[in-house]
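There are 4 protein chains.
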Amino acid sequence: MNEFEIERHADPALSDPVLIEGLPGVGHVGKLAADHLLDEFESEPVATVYSEHFPPQVTVDDGVTDLAGAEFHALDADGTDLLVLTGDHQAGDGPGHYRLTARFLDIAEEFGCERAYALGGVPTGELIEEYAVVGAASDEALVDPLEDAGVEFREDEPAGGIVGVSGLVLGLGGRRGLDAACLMGETSGYLVDPKSAQAVLDALCDLLDFEVDYGSLSERADEMEEVMEKMQEMETAQAPTDDDLRYIG
Amino acid sequence: MNEFEIERHADPALSDPVLIEGLPGVGHVGKLAADHLLDEFESEPVATVYSEHFPPQVTVDDGVTDLAGAEFHALDADGTDLLVLTGDHQAGDGPGHYRLTARFLDIAEEFGCERAYALGGVPTGELIEEYAVVGAASDEALVDPLEDAGVEFREDEPAGGIVGVSGLVLGLGGRRGLDAACLMGETSGYLVDPKSAQAVLDALCDLLDFEVDYGSLSERADEMEEVMEKMQEMETAQAPTDDDLRYIG
Amino acid sequence: MNEFEIERHADPALSDPVLIEGLPGVGHVGKLAADHLLDEFESEPVATVYSEHFPPQVTVDDGVTDLAGAEFHALDADGTDLLVLTGDHQAGDGPGHYRLTARFLDIAEEFGCERAYALGGVPTGELIEEYAVVGAASDEALVDPLEDAGVEFREDEPAGGIVGVSGLVLGLGGRRGLDAACLMGETSGYLVDPKSAQAVLDALCDLLDFEVDYGSLSERADEMEEVMEKMQEMETAQAPTDDDLRYIG
Amino acid sequence: MNEFEIERHADPALSDPVLIEGLPGVGHVGKLAADHLLDEFESEPVATVYSEHFPPQVTVDDGVTDLAGAEFHALDADGTDLLVLTGDHQAGDGPGHYRLTARFLDIAEEFGCERAYALGGVPTGELIEEYAVVGAASDEALVDPLEDAGVEFREDEPAGGIVGVSGLVLGLGGRRGLDAACLMGETSGYLVDPKSAQAVLDALCDLLDFEVDYGSLSERADEMEEVMEKMQEMETAQAPTDDDLRYIG
Chain A
163 MNEFEIERHA DPALSDPVLI EGLPGVGHVG KLAADHLLDE FESEPVATVY
213 SEHFPPQVTV DDGVTDLAGA EFHALDADGT DLLVLTGDHQ AGDGPGHYRL
263 TARFLDIAEE FGCERAYALG GVPTGELIEE YAVVGAASDE ALVDPLEDAG
313 VEFREDEPAG GIVGVSGLVL GLGGRRGLDA ACLMGETSGY LVDPKSAQAV
363 LDALCDLLDF EVDYGSLSER ADEMEEVMEK MQEMETAQAP TDDDLRYIG
Chain B
163 MNEFEIERHA DPALSDPVLI EGLPGVGHVG KLAADHLLDE FESEPVATVY
213 SEHFPPQVTV DDGVTDLAGA EFHALDADGT DLLVLTGDHQ AGDGPGHYRL
263 TARFLDIAEE FGCERAYALG GVPTGELIEE YAVVGAASDE ALVDPLEDAG
313 VEFREDEPAG GIVGVSGLVL GLGGRRGLDA ACLMGETSGY LVDPKSAQAV
363 LDALCDLLDF EVDYGSLSER ADEMEEVMEK MQEMETAQAP TDDDLRYIG
Chain C
163 MNEFEIERHA DPALSDPVLI EGLPGVGHVG KLAADHLLDE FESEPVATVY
213 SEHFPPQVTV DDGVTDLAGA EFHALDADGT DLLVLTGDHQ AGDGPGHYRL
263 TARFLDIAEE FGCERAYALG GVPTGELIEE YAVVGAASDE ALVDPLEDAG
313 VEFREDEPAG GIVGVSGLVL GLGGRRGLDA ACLMGETSGY LVDPKSAQAV
363 LDALCDLLDF EVDYGSLSER ADEMEEVMEK MQEMETAQAP TDDDLRYIG
Chain D
163 MNEFEIERHA DPALSDPVLI EGLPGVGHVG KLAADHLLDE FESEPVATVY
213 SEHFPPQVTV DDGVTDLAGA EFHALDADGT DLLVLTGDHQ AGDGPGHYRL
263 TARFLDIAEE FGCERAYALG GVPTGELIEE YAVVGAASDE ALVDPLEDAG
313 VEFREDEPAG GIVGVSGLVL GLGGRRGLDA ACLMGETSGY LVDPKSAQAV
363 LDALCDLLDF EVDYGSLSER ADEMEEVMEK MQEMETAQAP TDDDLRYIG
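As you go down the protein sequences, you meet chains A, B, C and D in turn. Residue 378 in our numbering sits at position 216 of the first sequence; the count goes up by one each step and never skips. Residue 270 in our numbering sits at position 108 of the second sequence; the count goes up by one each step and never skips. Residue 290 in our numbering sits at position 128 of the third sequence; the count goes up by one each step and never skips. Residue 398 in our numbering sits at position 236 of the fourth sequence; the count goes up by one each step and never skips.
Heads up, none of these hints are tricks.
Here chain B is said to cover these stretches of chain D; the calculated rule only asks that three of the stretch's residues, wherever they fall, bring their Cβ under 8 Å from a Cβ of chain B:
{"no.": "1", "segment": "297-307"}
{"no.": "2", "segment": "332-342"}
Partial list, computed: chain C residues near chain D (C-beta under 10 Å):
{"no.": "3", "residue": "261"}
{"no.": "4", "residue": "298"}
{"no.": "5", "residue": "324"}
{"no.": "6", "residue": "329"}
{"no.": "7", "residue": "332"}
{"no.": "8", "residue": "336"}
To be clear, the hints were calculated from the coordinates, so they are not data collected in a lab. Backbone N, C-alpha and C define an ideal beta-carbon position, used for all residues, glycine too.
Just chain A, same shape as in the assembly:
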């Protein structure tokens, strides 16, 4: 295998497509949101990117393995063409993040993307009642339309900047002339957070003028709440003691 291997599945002609990035991150918000778009619209896989910069592993689905990678799907969201990038992994090394993102942007450019939304979460450290969406943009001119869609811009937030592929979609993409924004749903940061993903999708729907049903996300959110309740019950009981065995070579 070379440093990168890009497998093309289809070459649809897209009209002014928008790149949507949703790889794993805080609260899995971006990935949940991107996956939900693939669930709700009819989508077509167009390319898979494999790389030695992904962790050295396969995922297993119904017993069949899938090499770590990231996938582009094309879909038509009520008349807006989206090129959705999702997957199960970020890069495993720092330069790898730069190199992978550069390849992702190459592919988006080939399909004609001039705009991009990187989806993610911003950790608050607290349980959220009202899910705000915090924004960041590669260019100042993008801020007003985002605010019109309810995205909040806050001084000094996110405090630690934006890390990983989402950050570099703006950082490297912006340097290439891509109009790129990051939509970050507030999330406690402790749990996979479907409600935060819904808030992010709400903003995206507003910005790109499409609608999406949240049924399956709501179910997932209900499941998470049950998990949390069980955990709180378990914590009242005594914590299990560590197994006393140690690894012997």
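Following the hints, complete the assembly by docking chains B, C and D onto the known chain A.
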């Protein structure tokens, strides 16, 4: 030294050989199983792979050092030619895992391997009574014959995917057209587990129609049980206090 | 993106310029000092260095993202031309530190720098009453003039050597014939330390014969003292218990 | 700077020289022993190796900085030419260990070395009364002469193999046809151990038929014992509480 150095020891003509990979991993199950094959059948070393992607170290055997590497041995298992890959190390860096596995697959291809079994363990976190073998395959068509041999396929298992060379034998091998399966013996994950290795070998014997004696593995399993009993006795006594010395430069 | 991308903003003719390096480090002393020079003198951005060796992230300023990088500014400090290197990041990997510093020195050479001061902090582990500045130099001949400016040279200090870009400005710069010195303000090492930065700037002013107003640094120092007092009050109250939630995938 | 920069200081004609490697490691035994040879014999620096694979740092000696590197010195030990490799650092990354050791061996080859001794320590976890020296060799034929010099060969020791440059001097050197042995002084592993270094030098003296005075090593050993006694006294007093300050950005 170059990034890789491959030392050829012999070039036997193998008939439809099957690649068996058993490098160190969870419970050392894969390595124990592969080493047991080398112990029980007459085997011939055919190639050693050295690489800067292995940890920078030598093992010492009877005072003589051996550079970190991985070895291929050829053996005839009741009429089935096996090309067994084993060693003491995985790669030390992520891209190194990809690059090493690619070299391993190159060598297997040169010998004509079209099938591969990656042997390993799957951690359960609990002591095991009945050692099941969990499977994963590079292709859906491989699942049925594996199930016929008693290998279990479970939804969402192994949950974390398969990491390291075993995972990539399926992930990279599958992309090359290799029919590759992973046989993972259940193991607590805390101990070197010869019984799990035996379960994996049982499945392999069934799949490839050969027989193997488990005498030496059983002895090793008995040793492990003694070790465990001693540990449990020791734990009832007071834990030794840490030596109070600290390192002074 | 290539391994490095250097964006030129201006090409001023500088007269015998002095390189001043102030990247993040112990107590943020070097960065505070370098940033204060940019605040107090009229400065012109001349070059930005981007690299895959920086962490994969963007900073966000008023909602607009900035790719991780380092910047050179030129300024005239009472008749002495300074080329000030600052930024928000060190390299993310060891070889990256060497490669980034080499690029920084290339740029400084192009502008004609023959002298360099790397600004930083030296941790004492204790709160500081009198802020001494400890020195180190790429060449023995540089020690006397530094001592004349009140910089202290102490046997076996800093004990751990000088790590990161500051160290390599002296180590790699010295090998290129650059006269390079490191000015390290004593600092507890626990807090961002504007007072230590002021001590470092005092020494620099003395060495390069310019003056600077410390108003804004003093304000920042006062803010830090308030923060410390609040923390000490909080510590008398009971520490908040950890949130009991855990991350669930 | 390139990946490696080798600075030549002299090109003495050496007669059948023996490479002695003593870089930092367990108990600093190897480095202490190699440095002691440089102290006790008249030595000439012949080459310094700089590399981005060393940690990004400078050491400071009397206020003057020294870029991380490793040095070769030539010396005549009672008629035996030694090429002594020492320094303050091991490599910072795994492939770097391989690449640095390969360069070291290149230089040793240029000077005509056909034998090498890697000096180091083997941790016992206990305070040592009698300092044995444990051996390992790149070739079985080297074992007997080492045993004749009192070096012990023990089954399964050192259990974890030999890591770092010392290990690779045997592993890579042996593959090049170098006769390489490792002399490992037993040491608790908790302290810089001049007594262990003396034991290693004793074995080396015997093997290469030279004599060395241990005065300065004994002084250092006495200093270490004083340090230990003070530590034991301090531990009877109450441990200091952690400073309550935390780092605030």
